[in-house]
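Trainee: Single-letter residue listing:
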Amino acid sequence: DTAVSQTPKYLVTQMGNDKSIKCEQNLGHDTMYWYKQDSKKFLKIMFSYNNKELIINETVPNRFSPKSPDKAHLNLHINSLELGDSAVYFCASSQALGAMNTEAFFGQGTRLTVV
Amino acid sequence: ELKVEQNPLFLSMQEGKNYTIYCNYSTTSDRLYWYRQDPGKSLESLFVLLSNGAVKQEGRLMASLDTKARLSTLHITAAVHDLSATYFCAVDPYYGGSQGNLIFGKGTKLSVKP
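So the sequences go chain by chain: A and B. Per my numbering, the very first residue in the first sequence carries number 82; after that it's consecutive. Per my numbering, the very first residue in the second sequence carries number 8; after that it's consecutive.
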């Protein structure tokens, strides 16, 4: 069973389109994240949710909107896609905030290419 | 703002040799994690270091944490080709309490050659 699964794995789309990436975790974790990995492999936090509540919203264009229908799911919707949005997006989850161990478990990534 | 610096960023080793990757961070933290990423793949958790002086070993890899020096090391012993990957350290930036998000170093791309 995949612990953190995200779909799709690959996404190729034209500039200006709107797209969504879905993420689900079956680890029973309370906290979920979206990270972006750029072409130089640098990983940066975008959003953090704890029990469906937004905790961290880094400097990310408001074209990016996360939605957490329940604590096992955190989806990412992107409006008006731009060339610079091309990257690999990773969903991750960890135990509840305040836990000693905040080890993050990552999904397989979604490679987004905007053309 | 927490900065996490890894060095080297690129490492080419011969099989059988030893080497150490360093991870320095700029603010107090007692939680540090090492991950491995193979090309085109996700991040795999290697080590969880949660206290000063923590040392963990798995096969040819050994990780340690010195919170006073704000330094973690990942030591590779007798490298083999299968260890070729990119290794990331990640730090939880909130000492004593956590928002859970990890700040990642830029990664060390390790290439082990015969």
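Where hints are given, some of them may not hold.
Short derived list, chain B residues pointing at chain A, Cβ under 7 angstroms [what the hints assert, rightly or not]: (1) V55; (2) A61; (3) F111.
Here are the simulated BS3-like cross-link-like pairs (lysine-lysine), alpha carbons at most 25 angstroms apart as the crow flies [what the hints assert, rightly or not]: (4) K48/B with K113/B; (5) K48/B with K125/A; (6) K116/B with K122/A; (7) K122/A with K133/A; (8) K121/A with K133/A; (9) K125/A with K120/B; (10) K113/B with K121/A; (11) K120/B with K117/A; (12) K103/A with K120/B; (13) K100/A with K75/B; (14) K152/A with K90/A; (15) K121/A with K152/A; (16) K100/A with K152/A; (17) K125/A with K116/B; (18) K116/B with K90/A; (19) K48/B with K122/A; (20) K113/B with K90/A; (21) K103/A with K152/A; (22) K120/B with K10/B; (23) K48/B with K100/A; (24) K10/B with K113/B; (25) K117/A with K75/B; (26) K117/A with K152/A; (27) K122/A with K75/B; (28) K24/B with K10/B.
Bear in mind the hints are in silico, worked out from the structure with no lab data behind them. These figures come from a predicted structure and were not determined experimentally. Backbone N, C-alpha and C define an ideal beta-carbon position, used for all residues, glycine too.
Trainee: Which of the listed hints are broken here?
Mentor: 2, 7, 8, 9, 11, 12, 13, 15, 22, 25, 27 and 28
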